[in-house]
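**Student:** Chain by chain, the residues run as shown.
Protein chains: 2
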Amino acid sequence: MAATARILDFLRDRRPEGPCLVVDLEVIADNFRAFRHAMPDTRIFYAVKANPAPEILKMLASMGSCFDTASVAEVDMALAAGATPDRISFGNTIKKERDIAAAFARGVKLYAVDCVEEVEKVSRAAPGSQVFCRILTDGVGAEWPLSRKFGCEPSMAVDVLLRAHALGLKAYGISFHVGSQQTRLEAWDSALAEAKAIFDAMQKHGVTLSMVNLGGGFPTKYLKAVPGTGTYANAIHEALTRHFGNAIPETIIEPGRGMVGNAGVIKAEVVLVSKKHANDNNRWVYLDIGKFGGLAETMDEAIRYPIVTAKDGDAKSPCVVAGPTCDSADVLYEKTPYDLPVTLTVGDEVLIEATGAYTTTYASVAFNGFSPLAAYVI
Amino acid sequence: MAATARILDFLRDRRPEGPCLVVDLEVIADNFRAFRHAMPDTRIFYAVKANPAPEILKMLASMGSCFDTASVAEVDMALAAGATPDRISFGNTIKKERDIAAAFARGVKLYAVDCVEEVEKVSRAAPGSQVFCRILTDGVGAEWPLSRKFGCEPSMAVDVLLRAHALGLKAYGISFHVGSQQTRLEAWDSALAEAKAIFDAMQKHGVTLSMVNLGGGFPTKYLKAVPGTGTYANAIHEALTRHFGNAIPETIIEPGRGMVGNAGVIKAEVVLVSKKHANDNNRWVYLDIGKFGGLAETMDEAIRYPIVTAKDGDAKSPCVVAGPTCDSADVLYEKTPYDLPVTLTVGDEVLIEATGAYTTTYASVAFNGFSPLAAYVI
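Going down the list, the sequences are from chains A and B.
Under our numbering, the first residue of the first sequence carries the number 54, and numbering increases by one thereafter.
Under our numbering, the first residue of the second sequence carries the number 54, and numbering increases by one thereafter.
Hints were generated in silico from the structure; no laboratory data involved.
Only a predicted model underlies this, so the values are computations on that prediction, with no experimental measurement involved.
A portion of the hints provided could be inaccurate.
What the hints assert, rightly or not - Below 25 Å or equal to it, Euclidean Cα-Cα: the simulated SDA-like pairs (lysine to any residue) are:
| no. | chain 1 | residue 1 | chain 2 | residue 2 |
| --- | --- | --- | --- | --- |
| 1 | B | Lys-257 | A | Asn-332 |
| 2 | B | Lys-329 | A | Ala-178 |
| 3 | A | Lys-111 | B | Ser-424 |
| 4 | A | Lys-328 | B | Val-169 |
| 5 | B | Lys-277 | B | Thr-351 |
| 6 | B | Lys-162 | A | Gly-400 |
Throw the hints in and build the complete structure from the sequences for me.
**Tutor:** Laid out in structure tokens, this is it:
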């Protein structure tokens, strides 16, 4: 979680101007090895959307990672990083038919679907490909909860996969996503029970499914302690055995936040510390990065990043923390104020930890004229 | 509100690929003339952040507009468009001292402040400049409400402006912002009463304020009818007379949404229409633009844009409307579903109206690999 010595050295030596993310590749390599060690029989598809920096993709490709992509642009990034098309999944359930065709032309043959309409698009634009059907899970226990946007009720998945089979596609398996930053280990168990029921129902129709995509959701440590990769792997392995017995299917995971979240630190600066009236007990601390500059996941105060300052030994008091834009929605923490040193002042540097995932590409193009978040991968 | 013939012609003739915003400069010119006609004694500072397209800035500069800027980058855009520095306000209350110095070096001499700390920065980096103090208003009646992020309690404004005076700055006036998309005419009245009280308090200390910055908040028409510019102007003029009598101060307005909101239309495409289970009554309609592609103001379903299709004569039923990214938060309208034609299908084009403000620059750099919102100013 904390900034590594390499990151701190980089910031001290390079003194980059303005807010920036610094990502330590060694942490990502450690995370990849931890996943591979904990789940040796599971293929790892890194969720490119979490952080598509070319250096990250290239290193993961060289380590043997596969890639979960959300768009043709991400397919191209994975290919440019050295991944072969058989290591790429087009995991977005919402795809234009011409984008499916473009991915197919590049050799991609694994697609996510969650309805008959999407199956029909894949059958036309990527004939003969493998499809997996995403099912809905309840998302309880996740810090960044998933809505019902992706997936269908398990009852519908059989129809979707039978339609795929009928249209000449390979009905390959089931996927689910227990919710990002999922800390409740039982979440995987109930989803795997649903998956097994779909495997059985398909078998009755003479179609054998062979893969379960366990999705992502593996948490990164923000302020609260979270279970380690091994703990997750054990819980998942037990649930697989419980439901599938001796016929454990091929499995896939799609870590994004769990792969890169703890590898990055954002360096930012205090622009203003002020009060709203003379006797105000609440300080407002304004940083040079906010909701539109890369910290979009503070939406509804969902993700609470650790903020570290050089004055953390001093007394602390609660602050509202806000970004630098002229947008009143650009407030990071207000409902639950953030304890920061009473001595914090204009010009002080702060480190926002565990910001390796879902920051750079979330940044707005130029809102209020501010540049997107700069990033350094070291 | 609706797409103009020029916009429809452009889309028909050019058939741009992918989602895009088309802005009609003639509508903006009409809006500018309407503001100038309704408030001939008020200087108009266009809020650059609403839409900083160079064509828009250049036209408004040539029509005599002034510019409210949020950053040095926006100052440079206004200068590049032909505005002289005396027509530029650095209206962000949260500024790095080195950014104040950069604006001052370019000739900007009008700055917003809301606390003593910011006054001290301006006095060091832009000595002798004019400052106005932003005060808090309650924001009731605004669709996109303002938090307490900007401004201080009126009771503190006198201290802030006296400090400015003591440090050799010109204590120039008061600003407030009644909340974006404000439809309650009385909002201006109560804010002007506060402003007058501060003018009087300053006078007792021997300092004469001369300007009231009425802010923005002038609404654009989305789905609901809103009062016209003339109605606002009358309400404001009456309130000014009521509170200031014969000594009406110099006034400024900062329209952003009110200047460009109704001048733009986004062309988008239906990527998928699906249900979550076999007997689902809710359709999910997925577009190729969402919360991270330019429609950030659908956050908490705050702004409800008109969505127009070629099938609007057909029967309609409620839909959840969502964007194309693999982010479950990328849902536009769900709590209050949106009535769309039952015949709407994959590949259909939709027009999202009144999207000229707060769209292009809000778009994320490349979330999920999707390009930022393309824009054409015609």
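**Student:** Work down the list of hints and note, for each, if the structure agrees.
**Tutor:** Tested hints:
no. : hint                  : in the structure
1   : Lys-257/B / Asn-332/A : holds, 23 Å
2   : Lys-329/B / Ala-178/A : holds, 23 Å
3   : Lys-111/A / Ser-424/B : holds, 22 Å
4   : Lys-328/A / Val-169/B : holds, 9 Å
5   : Lys-277/B / Thr-351/B : holds, 16 Å
6   : Lys-162/B / Gly-400/A : holds, 23 Å
Checked against the numbered hints above, the structure breaks none of them.
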